[in-house]
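Those protein sequence lines, which keep their order, are chains A and B. All residue numbers for the first sequence refer to full-length UniProt numbering, where the first residue is 1 and numbers rise by one. All residue numbers for the second sequence refer to full-length UniProt numbering, where the first residue is 1 and numbers rise by one.
By construction, these hints were calculated from the structure, which means they are not laboratory data. Don't be surprised by glycine CBs; every beta carbon is placed ideally from N, CA and C. Hints are supplied without guarantee of correctness; some may be wrong.
[What the hints assert, rightly or not] Now the stretches of chain A that chain B is said to cover, found in silico as 3 or more residues with beta-carbon under 8 Å:
id, stretch
1, 195-208
2, 223-230
3, 260-267
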Amino acid sequence: MKKRGKGIACIFYGTGYGNGFPDVSRAYAELQPDGKVAIYTGATEVGQGAKTALSQIPAEVLGLTVDDIIFINEDTSITPDAGTAAATRQTYNTGNAIKMAAEELKKELINIAVKELGLNSDAGLEMKDGKIYLKILPDKCITLAQIAAKQSEPLRTFATFTAQTVQIDPETGQGAPYWPYTFSACAVEVEVDTETGQVEIIKAAHAQDVGRAINPKMIEGQMEGGFAMAMGYVLYEDLGLENGRIWNNKLSTYIIPTAMDMPEIQNIIVEDPESTAPYGAKGIGEPVMIPVGPAILNAIYDAVGVRMTEIPVTPMKLLQAIREKEKQGA
Amino acid sequence: MKKISLTVNGKLYQVEVEEDMRLLDLLRDKLGFTGVKEGCSEGECGACSVIMDGKLVTSCLIMAFQAEGKEIITIEGLQKEDGTLHPIQQAFLEEGAVQCGFCTPAMVLAAKALLDKNPHPTDEEIKEGISGNLCRCTGYAKIVSSVKKAAEYLNKGGK
Ligand code: FES
Ligand code: FES
């Protein structure tokens, strides 16, 4: 018999290293001869979209397009340390460092513009499309390339951002170990085949608090990827670890989801800007995965009335649990 | 050693290959088509897929000498000479279907193999068409929508 059930789960997740551990990101912003701006930072791109999001932030600060940002990362001989691409921390931490370096550069550029244009103050100066100009008299204008040409060495600014985290009280376990937190929720509908123990996900909705969505499409991609990964984790993926040996060490036995396994997922991006974050944006890399598992397990419970306490919920394990429950009921 | 000739991305190659060499190694190591990726080496992940005589095949399971006289397309053969992306590549870019990128070259080829045969696939047919290619990052949704978009571009006569 096929039985359907629905389940929800929600979670909160502290991003960054947390618990008082120094969580530091650094970045340079440097004016290029052609008026573009180079960002140097150690942040690593592993497919999460760091290069894109971390280029959008300085572009916004400097009134440039993303194409005018030259993003230089990962090369440790020329970039300052920005910590690991881990703990869902790059958008928030390195994003903050880059934003600060870009703001510093903007300040210097404006100061130079005031002098070069012979103005009394920086009031009413705008910076946009590679130019600094006076809003009330746009002819009073200097391009970033012109400013670059006047420098004897490249104009470069540096910024460090250190996240605020406090070690928890070891005795009471109280404190503020992380900042910021992010929140996610997931709802799924499953269909359980009580003859085979197979679980199929029919439909899903997935909501993620992002602070501010710097790149909505990439956020959706992370949410869908996190969903798939969690779904595999909860329903298929079994390392088969026995006495230090992994039995399922191949993709022929360690089964991960294919396109055919994926249900329709409705993504809901929740924006609630975080005051300490770059333009309010928080990281979402890890949290997108977390509520999916418990939501599936709850849906299985709703469908067939058994609480699965071990993952993956393989057909064999689920059948066993269903049979046991039937026995108890009989 | 065996001498074979094959066409890769429209160019004829004559190469000496060892009997136990896989097509994957010939393409990557001898001919330099590093867009062909090695994932599992056992025909499960699809990362090594190339199009051989119009069919998507896993190059880790094919011996190099079996490619004698065949026509092969790798990801390097898709973009035009002037650097314009193939409509499928363009669609992947626009839809954000690429994260780490490891599965991408083969995914694009899987999409091409599908669309060459079936220019108007349904979502289900697309999912089936790429189901031999594993992706650990995207959850496939953006890949499916890219293939849909690519189909539109191609049906409008290329972009
Ligand atoms: S490397 Fe050939 S299918 Fe995985
Ligand atoms: S984008 Fe990373 S495996 Fe597909």
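ask   = In terms of beta carbon proximity below 8 Å, does the stretch 223-230 of chain A have 3 or more residues touching chain B?
value = holds (count 7)
query = Can the stretch 260-267 of chain A be counted as covered by chain B under the rule of three residues or more with Cβ-Cβ separation shorter than 8 Å?
reply = Since 3 is at least three, the answer is holds.
key: Check of the stretch 195-208 of chain A against chain B for coverage (Cβ-Cβ below 8 Å, three residues minimum)   = violated (count 0)
Going down the numbered hints, you'll see the structure goes against just number 1.
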